[in-house]
Structures are given as structure tokens and as C-alpha cells.
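Could you build the full structure based on these sequences and the hints that come with them?
Chains as they are written, first to last, in the numbering used here: chain A, 10 to 222; chain C, 10 to 222; chain B, 10 to 222; chain D, 10 to 222; chain L, 10 to 222; chain S, 10 to 222.
It cannot be assumed that every hint is accurate.
The list treats identical chains as one, so a pair stands whether inside a single copy or across any two.
[What the hints assert, rightly or not] Listed below are the simulated DSS-like cross-link pairs for lysine-lysine, each with C-alpha atoms no more than 25 angstroms apart in a straight line:
{"id": "1", "residue 1": "K216", "residue 2": "K79"}
{"id": "2", "residue 1": "K79", "residue 2": "K148"}
{"id": "3", "residue 1": "K202", "residue 2": "K148"}
{"id": "4", "residue 1": "K202", "residue 2": "K79"}
{"id": "5", "residue 1": "K79", "residue 2": "K213"}
{"id": "6", "residue 1": "K70", "residue 2": "K148"}
{"id": "7", "residue 1": "K202", "residue 2": "K212"}
{"id": "8", "residue 1": "K202", "residue 2": "K216"}
{"id": "9", "residue 1": "K216", "residue 2": "K70"}
{"id": "10", "residue 1": "K202", "residue 2": "K213"}
Bear in mind the hints are in silico, worked out from the structure with no lab data behind them.
6 protein chains.
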Amino acid sequence: MAQDKTIMLPIFLSLLLSASDALVQDFCVGDLSAADTPAGYPCKKVSAVTCDDFVFTGLGKAGNTSNIIKAAVTPAFVGQFPAVNGLGISAARLDLAPGGVVPLHTHPGGSELLVVVQGTICAGFISSANAVYFTTLYKGDTMVFPQGQLHFQINSGNDNAVAIVSFSSPNPGLQITSFALFANSLPSAVVEKVTFLDDEQVKKLKKVLGGTG
Amino acid sequence: MAQDKTIMLPIFLSLLLSASDALVQDFCVGDLSAADTPAGYPCKKVSAVTCDDFVFTGLGKAGNTSNIIKAAVTPAFVGQFPAVNGLGISAARLDLAPGGVVPLHTHPGGSELLVVVQGTICAGFISSANAVYFTTLYKGDTMVFPQGQLHFQINSGNDNAVAIVSFSSPNPGLQITSFALFANSLPSAVVEKVTFLDDEQVKKLKKVLGGTG
Amino acid sequence: MAQDKTIMLPIFLSLLLSASDALVQDFCVGDLSAADTPAGYPCKKVSAVTCDDFVFTGLGKAGNTSNIIKAAVTPAFVGQFPAVNGLGISAARLDLAPGGVVPLHTHPGGSELLVVVQGTICAGFISSANAVYFTTLYKGDTMVFPQGQLHFQINSGNDNAVAIVSFSSPNPGLQITSFALFANSLPSAVVEKVTFLDDEQVKKLKKVLGGTG
Amino acid sequence: MAQDKTIMLPIFLSLLLSASDALVQDFCVGDLSAADTPAGYPCKKVSAVTCDDFVFTGLGKAGNTSNIIKAAVTPAFVGQFPAVNGLGISAARLDLAPGGVVPLHTHPGGSELLVVVQGTICAGFISSANAVYFTTLYKGDTMVFPQGQLHFQINSGNDNAVAIVSFSSPNPGLQITSFALFANSLPSAVVEKVTFLDDEQVKKLKKVLGGTG
Amino acid sequence: MAQDKTIMLPIFLSLLLSASDALVQDFCVGDLSAADTPAGYPCKKVSAVTCDDFVFTGLGKAGNTSNIIKAAVTPAFVGQFPAVNGLGISAARLDLAPGGVVPLHTHPGGSELLVVVQGTICAGFISSANAVYFTTLYKGDTMVFPQGQLHFQINSGNDNAVAIVSFSSPNPGLQITSFALFANSLPSAVVEKVTFLDDEQVKKLKKVLGGTG
Amino acid sequence: MAQDKTIMLPIFLSLLLSASDALVQDFCVGDLSAADTPAGYPCKKVSAVTCDDFVFTGLGKAGNTSNIIKAAVTPAFVGQFPAVNGLGISAARLDLAPGGVVPLHTHPGGSELLVVVQGTICAGFISSANAVYFTTLYKGDTMVFPQGQLHFQINSGNDNAVAIVSFSSPNPGLQITSFALFANSLPSAVVEKVTFLDDEQVKKLKKVLGGTG
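As C-alpha cells, this is what we get:
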């Protein structure tokens, strides 16, 4: 009987194998060398995929917070971690030195879920209805920021703060409002017109953040 | 033969009618009196739906531009036009008096397509990569603003400008950055921390836009 | 302090820049030279995208209505306006000369929202339940046609009528029933069988609309 | 050790049970007594769901083909089979007596996959590009009809034909073109205008199919 | 008048033709020679698509049940039937010889709808809440298995059983639990740890099913 | 001028406020007292939503690992954290005591992304093609498990291990294979038939895991 099973096995396995050719959609590790599509990158050949593709080690060490915001975002988006391509999820590590802040920003492509791993973070978002939702988060607290809403995180403690954030998209995007306004060539007159900010303030921040015009 | 057809018709129609009970998803006119869901509002009974449900007349007349931005947005979102519920589309009318502006804003829930019906509009958006895409649009020109990106429209002519805008969602949302920052109770200290703006500037705009804290 | 900011800026910007490589999904301007996918066309390289990609000027002038239906549809679908690729929206201009009509048709891929910009239009759709919803629309009126439903527009006034229509898909499709029946090689016998139309009628319209068989 | 396991089991099971309260989305058997939503019907309580909810017996017997089209469609859509609610699939049985036909129709909400179980069927569809794809199907043959495209099935054999059809939606809809045109109150003048059909033909079919006006 | 129509026709048809270039999304027959994407395969050129692409004949004949499970699954997934690419549906034929069984399995990518065409089948699934839903199905009975749930089919009659199954995905996948556990190189110690199975049992089945380690 | 702004402000704000009524879809905090739908729970009234709704504190403390698997899963799914309703994301905390294991399981509704916060974890998944992908993860390592695939986590170190896992669904589900097989009333004969397991083994585990039949 076991003999019989052994004989028949190849036949059955061959079905599975041939079928498996059609099952690449178990996963679709992104081939970043190919052009992206609205649904994500074309898939790397399954035969070339190894377990290493599904593992990302970049979130293990602190980002460099020696910068203007005393903060660092280390992304594990599809661009850094191609295995999340098409899976509707990605992650990042957030490091905030004392006084550090992730300035007001949005993720155009997805919602964010933040888990505080270390320290104390003041976090919040502002809804389209202009309502403010903000609070202080301690180690182990989780907060969700709905897709596209303006939000921020501030280290409100005296030590380093670390959070693991995940997103409902492999490619959520990151648009920091003050960089969008002051770190490019958008003319000061336009910035002032669309924000009500004073000319002096706009020119000052353009200078600080490397903008022109 | 036609006689025969006439006799058999009720049988066949009865299939269609009973079937039609299951076909409410031809459309799902929103019942705004019920609780919303992530996919939209529950459907009004098909038997209570009339052609008037599918017609919205609010975009026919100019909005009131006698306000701080010399502009008016007249929405035909699901809240005003329940027939778009579940259909993945909505619209609005944009009126810009001379000097009018729709301040920097995002639509968290959808992409926007703008068609200039009258006048001249300077419009643009800023990508997550911080790149600026802006230009001057004339009557008949169309511009698309990708979902979630910061964008603006300014009347760059000497007469009134009017645009018809449509969205890839029945409920795209509208988040005006300066109102999110200055027209609510978000503490000035937090605003300054997450935007790099000066205290004086923040307090001035909070006063102008009705914010507190 | 500003000095300190200036020093640290490159570090922070480099994060943004590297991150931005992964943010192509801010938008995905279609590369029509590549093969389409079920989610749309592959994306044009972001570095090759300019503001002009997001602007379409074709809806500014009237279409040629000197044809059998005294009407013209000028599409701004992904095929004409690649920037809408993946954004879930597109548009078109509808011109109806006096007596003009857009014959009974469906858009297999999306819902339609119509705004009358000039003139008077009799428009309607028929639901799967066989119910008829039709009315007369005047300048500024908006009507929504749910996805896949048979609908039509007729100039019911004495002057030209113009409408801006938008769709919940970059590629809604357009299937005109009488062209599907009479403007191709579908055998008359089959057409008659599946429509109950008389042979004489079918052959007459096949001749008028250029069909064979 | 087994003792230890037995002791600890309730603790672990209680996790599973409490967790299971959140897992209703294993399935969402539709509660047809509640209002539909754009995503389908609200879910019947899991505690009230039995295996019978997942079984539909209606496709087992032939539909009544004693009607104008000598055909019957027996649907297992969400309206008849609430277990498919939210699952993105449904089915139907198609019976075609000799000479039977399913007239030209569309399913606004989904694609159709047909498997011939008995007999011979001439089936086809017409694309938006106006191209005709039709052929003769024999027992065991499968044909797919893309969403929203006009298609038809004709019994091209001498015996009864039976097919099992499935759809990519729990609620695909069914819009039969000739019933949409001739079996309701859409005025003849409008029908003629939007189809190019002759008045005599329209009035004849309205009479046959029970239409008015 | 007909003359006039004939003259104007080319103008109108040319609109349709150029438009049709953008309408490839009527369907997207998969080009399996290209890399897959998260949304499916790139589309075969419409000009190269023929009616044969939409027809699959493989479900017409019984699969080979001379194997360990006395069963055969003949898939019409995108890998075998590229026309379903992007259409959200696929199908398969299930043959069960007397004593045949489709072992416990899941379809990671879609829900399954089964219609018994011949014989008697004991079928069931187990929910995340650990509840069992199983019953005996007779010719013509339909059962739906919600996405991702463990399910099985057993021939509970004395003759061959045949079923047509359809899926809510062009590429539902097929993961047979015992093959996942015993037909590969997953070390026995790991299998035992994650299943509570005894070493002897694991080693026995690895030998039977061709596993190693 | 500021005076003028102040006067006009109410007019403009009133637009925002009325508009905001339609913007509940900024978020849709689930009302768990209402019936679920295929897209999630109906939304709690925005006026009743506070910042606390967006914060979950349950992931801060270790789960109770004094159980058969020496492991605990603390979910922050929609059932425990209603704010994730409709947002396409959720999270959980995983605690593994020395020797602890999360047995072979699937999440029918979503992909999983795991970040090791403490300790060493041997984790892996098995694809539909029967390929095994497993490895050892250290503090800070991230691994993604594609939707619906069988996977497991084992504490391969000598101390407690902790991981933060997130999912691409507010309600991913959790189906533990051995509980599905042995912890319910699925008859032993059926279990044996669909798994190839021996009667003795099945009966033994049913006894250990609390199953019957």
C-alpha cells in the first residue's frame, strides 16, 4: 500500500508542481529593476526567491538623529524591502532623540499604526473636519493614524524614544509639510498666498531648509 | 406566436423581478440617516429611489466668494449627493474671485481632476519626493492631482474663475493645511515644534483663523 | 543654531531623497509604450515626469459633431491622458449639436458623473431591474450614471449642448449598443435571435452603420 | 505533561474564543433583512450561522424554459444564497431548451465564467472596441465573458443545453438589452433616437415584451 | 439621409477606433511570458487576441485519479487559462474516484464555490473560530468555502464524483496541509514542534509523501 | 484687513463644518454593537469619537505564556481596537517563553509583518508550491509572511522572546492548524482521511487539545 502510494506520488506531485507555476501570487517579491505599476512592481521569478528576500534587518539599529529634527525614520517600504510588494503592508523604525520630532506630515498611500518600544512620545493627528486628536504615548502604547491625515510625533520624554510603525501599504509615501513648503523651488509668493504665512517667515524657513525662490 | 409570447412573458418577467430584488447593487443611493460604513452608507430602498436621487443641482450657481480666501468650494460629495455612494466618484464646483485662492490642501480619500470652465487658474501640487508641479491653466484645460498630495489653486487672472472638479471617491475629504494648523486648539508650542514656524507667526494666524491655544 | 540646521540638513534630505525613490506611487504616469496590466500601465520614470504630464488640453475645444449622431465624445482617458493611470479617475467632453444624441451605451469599467456646462440635455439610464430613470438636465445640473448601466444623452434644446463627464476609472470603456449590434460582422441571424429584432430592421441598420453578415 | 497541557488548555482556548469574536470575517453570511451597503449586506450573527447557510440546492433542477426565450436562468446570487455575501463570487444555472436563447445582456457587476454541462451552446461577446468574439461550445468547454461586455448564449444543438455559470461578484446583476429597451415605459421616441431603430419595430417589440409608451 | 449617414460614419467610427486603443481593459488576456505583477500578468496585445483565448477545453475530460488520493484537480487558473487574468475569477474540475479525497487544504487567494455535477461528496470547512461546517452534497448541490479557510472534499458515494469549482481569483492558489508538512524538507523536529504530532507519525508521513529531514 | 478676515471667517468655516459632516471617512471607528459588514463595522458617530479611541494600551504588557504552547498572542484587531476598522491594518504582540511556539497557522484575511523586539525566533512559512522559507530572526529583524500561507514562530533562544506583528487587515483572522484538526468535533475518521494521519495519533491529540469525535 505504501508502495502503491510511492508509485502514485510523482503523478500527484507533478500536478502540484505544474500548478505551482501558476501560484506565483503566493507572493510577489518586487523586481525593483523593472518599471513599477499602479499595483506594485513586477514579481521576481519564484525560482530566484530565497528566504532572505522575506527578511529585513535594517530596523535593528538606531537611525542617525544628528539632524535638524533630532529624529530618523528608517523605512522598510517596498523600495528597501521588496518582499512586501503587493502585500498591502510595510514598516519603519522611528528614532527620536531628546527634543526630537517627526514634523507634521502625511502618508498619502496608507494608514499608520505606531507602537512605542521605548520612551515617551506625544503624537497626534488632525482630521479633515479640523479636529485635533493628540495624546502622550508610553512604552507599549499603540496609536493609529488614519490614511492621509496630517500627524506628528514628538519625543516628550528626556531619553531616546523608539517606535515601530507599520503601514497599510507597501509604499505609503511620506510628505513632510514644511519640507513641501520650504525645501524646494515653490516661489515664496505662492507659498504665502496658499498658507497665509508672512513673507519674512517663508523666506527664513526657505533659507533654513534649503529652498529657493 | 406573439400570443404565445404574451402568455409566457409573466413567467419570464417574474424571474427578472425576483432577480431584481438581488440587484440593488445597480446602485446604492446612500441613506444618510443610517451609520456610515468603511465602504459607504447603507442603501436607500430601491423602491424609494427616484430619478431625482441621481440629479444634483447645486453646482449650477456660483458659491459665495465673499470670504477670507475669495473662493468657494461647493461639494457634491456623498453628504450632499447621496447617489454617488459606493460609486467611486464625486464632484465639486470651485469659484475663485479675482485674487481668490484655494489654500494648500489635500484630499485624504481620492485623486482630483480639475477642468477650468472659466478664467485662468494657477494650480499645482507637491509630491512626497518634495518635487513641485505647478502651471497656469486656461479655459478648457484639465489637471489631475494625485491622491493625498498637497495642492492648491489660485485665480491668476483678473476675472472670476470657475472649475468643475471631480474625485475618485464619493467622499474625498478636504484638509486645508493652514486651517489644520491654525483654526483649532492645537497648542502653539506644538504647531511651532512640528512646523519650524516662529511663535509670533503661529499666534498671529491662530488669531486670524480663529484658533486657540 | 541656524548654522547647526544647515549642517545637518544634507543628512536629513538624503533620507528624504533615498526614501523618495520608493515613493513613485505618489503617481504613476502611464508608459503607453509598455504592455498594460489589469491595474493599468507601468509607470513612466519619475525623473522623466514633468508638470505637463498632469495637464490635458483636449477638452477645451468642441468636438466635431458633423456625424451620424450629431455628437462627439472627446475622451481624456488613460489612452489620451496617461497621468490618470492608476488614479481611479478620468474625464471626457461631450458635444451635442441640435438634434444630437449619444446613443444607448455602457461604460463597462466605471460610473459616470455628468455636469451640463451649456444647453439642455435629456439623459437617463435603465437599471438591471429594468427601471427607467430619465430627466431633463439644464446648465449646471449634475447626473450620475451607475457603473455598467445602459444610459444615453440627447440634446433636448435648440442650441449646442456641452457637458463635462468624469468616470470612476482611468479607462471606463465605451460600448454603444447599436454599434455593438450593427457595426461589425456579427451575423444578422444571431443579432435577430438575441434581440428579437426583425431581419429587415437588422439588415437596414447593418447597412447604415457599416456592419456585414 | 499531558496533565499540564490539560490544565493550560482552557487559558489558551479562551484566547482563541475571545479572539474568535473578532473573526466574524471568516465569512459574512448576508442578513437580507437589513439594508444592503456598497460592500454587501450586514453579517448574520456567527452564532446563528449553520452549515446549511453555506449550501444552496437550487441549481440541482432544471429551470422552467416554457417562456419566450425557451431559457431559464436560476441564480445563486446573494439574494438567493446569502453565504456568498462579501466573498466575491456567485453562480447560476442556465437551461436552454432546443431553440432557447439568453438574449444579449450584460452583468454590470462582474465577469462571468461558463462551463457547459450538457448540450451545445453558441456563445459570444462584443468588446467596447466593437470586436465580436463568438464560438460554439461543447460539453465541458469553458468560456469567460469579461465584466460589463454584451454577451449572449444560444442553444445551437437539438437537445436541452445546461451550463453552470459563475461570477466574480456576489451580485453581478443582469441587464437584458431588449428588455431594457422594450419592456418598460421608456418612450418609443427616445428608444428610436438612442438606437436608430424604426418606430414600427420599436412599437412591435414594446407590445410583445410588455412595454408602454 | 442614409447617404448623409454613410458619409459621416467614418468620422464617427474613427473616434470609436481611436478610443478603442484605450479600451484594452475590456479584458487583459495574460501574457504568461512576461513577469507577473501583484494585479496579474501584463496584457497580450488586443490585436493578437482571438475568441480561442476566451475558451478553455481542459475541464471536459476526467482527471487522472490513479494516485495516492484517488482524486484529481484540473485547474483553469490564469496559468492554464490566461483569459481570466485580471477578471477576478477562475475555475477547476474536481474528480473523485470511489474513496477519493481532496485532502485538507486552503486557497490563500480566494473563496471557492463548488457545484456537484455527479456523485456524492462530503465537504466541509473549519473557521478561524475553530467551528466545523461539513455536510453531504448531492448532484446539483452548491457549497461555498470562504477565502483562506481549511476545507476538504471526500467522495462519500460508491461511484465517481465530479464537481465544477470556481474561485473569486484568477489565481487562488492551493495549499494542501499534509503536503506542506510532509512533502518537503521542513525538518521533522520543526514539524513536530508546530503541530504536536509524534516523531514516529511525522517520519512515517514524510516517507510516504516524499519529504526529507 | 484682519478685520475683514474675521468677519468673513464664519462663512468659510461653516462651509468646512457642513462639509465635515460628509467627511466621517477620515476614519470609521467601529461600532462593535452593530452588525459587521464585508467592509467592516458601521462607524461610531464622529461626535462621540475621542483621541482615546485611537490609542490601544494592551500591547504594553506580556501575555500569559503559562499554557500548552508557552506562548501568547495579544491581538489589537478591530475586535479589541475598533479604531482600525476600515483602515486596512492591525497589530498584535507575540510573547514566547523559552520553548514557546506559535503552532502552524494561517491568517485567512491578511499578510503579516513581524519585528523581533526581544530574543531569538525561528520563523518560517510554506508556500502553495510547497516550498519552505524559514530562518532564525534576532532582535530588530523583520520578516513578512504572505497572506494565507502556513507559518509558525518558535522561540529558538534561552530567554523570553517578544515580537510586534502587524497585519494588512483590521481583522486578519487566526487559524491554528492543529486546533482546527483536533480541538473540535470533526470526526476522527474524517481527520484521518483528509490528513493521512494515523487513528492513534488523531485520537491522542483530540484528547490533548480537547476535541471530540
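Right, here's what the structure says about each hint:
no.: 1; hint: K216 / K79; in the structure: within (19 angstroms within a copy, 30 angstroms between copies)
no.: 2; hint: K79 / K148; in the structure: both (19 angstroms within a copy, 24 angstroms between copies)
no.: 3; hint: K202 / K148; in the structure: between (42 angstroms within a copy, 22 angstroms between copies)
no.: 4; hint: K202 / K79; in the structure: between (30 angstroms within a copy, 12 angstroms between copies)
no.: 5; hint: K79 / K213; in the structure: within (20 angstroms within a copy, 27 angstroms between copies)
no.: 6; hint: K70 / K148; in the structure: both (18 angstroms within a copy, 9 angstroms between copies)
no.: 7; hint: K202 / K212; in the structure: both (13 angstroms within a copy, 18 angstroms between copies)
no.: 8; hint: K202 / K216; in the structure: both (18 angstroms within a copy, 18 angstroms between copies)
no.: 9; hint: K216 / K70; in the structure: neither (32 angstroms within a copy, 44 angstroms between copies)
no.: 10; hint: K202 / K213; in the structure: both (16 angstroms within a copy, 16 angstroms between copies)
Of the hints listed earlier, the one the structure fails to meet is number 9.
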